[in-house]
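Quick note, the sequence shown lines up with residues -37 to -1, 1 to 455 if you use mature numbering (1 follows the signal peptide of the UniProt record, and there is no 0).
Careful: at least some of the hints might be erroneous.
Claimed, not checked - In the SDA-like style, the derived pairs of lysine to any residue whose C-alpha atoms are separated by at most 25 Å in a straight line are:
| # | residue 1 | residue 2 |
| --- | --- | --- |
| 1 | Lys44 | Gly125 |
| 2 | Lys111 | Pro190 |
| 3 | Lys447 | Thr280 |
| 4 | Lys44 | Lys(-26) |
| 5 | Lys25 | Pro294 |
| 6 | Lys(-26) | His21 |
| 7 | Lys25 | Phe284 |
Worth flagging that the hints you see were computed from the coordinates, not collected in a lab.
Keep in mind the model is a prediction, meaning the values are calculated, not measured.
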Amino acid sequence: MSSFKHNIGLLKALLVRIPLILKTLFLHEVHMSPVSGKQDLRTELTVAIIRSFMTFSHSITKMQQNSMRDPGIKGPMWVSKVVLPQPEFDVRDAVLRAIEDLKMGDETFDIPAIGSVEAEWTGYRSGVGKSTAQPDLSEAEKYRELKKESSSDTTILFFHGGAYFLMDPCTHRVPVAHLSRLTGSPVLSVRYRLAPQNPFPAALVDALTAYLSLIHPPPGALHDPVPARKIVIAGDSAGGNLSLVLLQTLLTLQRASRSINFHGKEVPIELPAGVATVSPWCDISRAMPSIIHNAKFDYLDLPAHTREDVVESKPFTPIPFPADAAWPVSPPRSDMYVNAKTVLHPLVSPLAASPELWKGAPPIFISTGEESLTDEGLITARRLHEAGVPVVAEQFEGMPHCHGFIMMSTPASKRFFKTMSEFCRNAGTGSVTPTGNLTYLGFKLRSTREISLEKISNVSDEEVEERLQRSAKWRLDGEIEMLKSSREWARL
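I would like the entire structure built from these sequences, with the hints used as guidance.
Right, dumping it as structure tokens:
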């Protein structure tokens, strides 16, 4: 019944958007669309429809509930739900030490609780149709069936996207199962804590707990130990951010020669085989030019307060979601995920990490479209390359945020999955061979060219720093004003 109601609701939502669909069709056909020559009709319609749903009319709690609605488990996938038990406080304390080691000023953050972490083992299930339900087996039995169909000894640790406050492993099952099919690897998809209820660094603590749980299975775990050199960390959007900052946390702890007490054992810090990111959100401050310049290609149509002229003339205010129990918080902050003072910390915004901090990192894959987050992903790739990190990077002309995941039957998506799966397989065998170039794939894959990683962005390091600092200051000034208003209100 709930599925029927959901389908009826979706149909009603699409009927309301018939004028938008007709307008998009007309402009595309008469070649008057602002994206003509870079997006085909399917892509343009997909972007227009998704963008129309990106409104601020619902409360954060309602948006979270809608985005985390479980579609059920059916089709060519195995899913085994697990709970990774709560470790010692040492895991959280290790994250706090890494934050302190990388501090650049007086950054502030909430100290999170430590707890168990829910996750889903996801894998490909052969020989079934798209509507075939998963059999009524125990979670342990489903995991054993999943492992039987996994041909690789590499495991993928996956973090979903959703701007750190939306989505769930259940929303990413289809692309994750497809990635498992192409790589032969089982995937552990993590249900990390979401903001604003659990701001930075709660998600990072959960990510480290999941990573250590793979290498050192806690009591009762379904899996055998997975060597770090056989783990590829992966994620899309905010999950790409979490993948990169988890790696940066491991690098920081390793530089300090630190170990962690994990379920009664002192375990060393080991680096994974690689990190694979899809449209990674590398700049929480949203300061790079592509936020504005590429908006026409993307459904991440950010609100007007990101315009540069507004930065100069008006104080920063958060996106005006209807108030509820989750948001706004008290004391107020400018961002759901992090305090304004901390927005440029390297474990918040990977773009803010200097090249030196990436030295010694394993191979990293970055795939992006011509989207709002393009600049930050490409500049991060440039900095990784400068640090000597093996980088495999690609960009798809005219394609929106996470296009490979949302339009899986398209040629561009198939090409994306081919490259990402090849990277994951090669990382697991230690055979990634970077070229020093970014592969730029033209409209409809009609052309391909290689661009030196040193020249993939016209935004200089000096401009990057200036933009980051200006955006961070704008947010901090706005947060200070909100705090003042909150105190004034409290006195009344």
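message = Lys44 and Lys(-26) were given as a pair; does the straight-line alpha-carbon distance stay at or below 25 Å?
response = violated (33 Å)
Mind checking the alpha carbons of Lys25 and Pro294 for me, to see if they're no more than 25 Å apart? holds (22 Å)
Under the criterion that the straight-line Cα-Cα distance not exceed 25 Å, is the pair Lys44, Gly125 satisfied? holds (21 Å)
ask   = Is Lys(-26) close enough to His21, meaning Cα to Cα at most 25 Å?
value = holds (17 Å)
#### Entry: Distance restraint between Lys447 and Thr280, which requires alpha-carbon spacing of 25 Å or less
holds (13 Å)
* To do: Below or equal to 25 Å on CA atoms is what counts here, so check Lys25 against Phe284.
  => holds (11 Å)
25 Å Cα cutoff - pair Lys111, Pro190: holds (19 Å)
The structure is inconsistent with hint 4 alone, although it conforms to all the rest.
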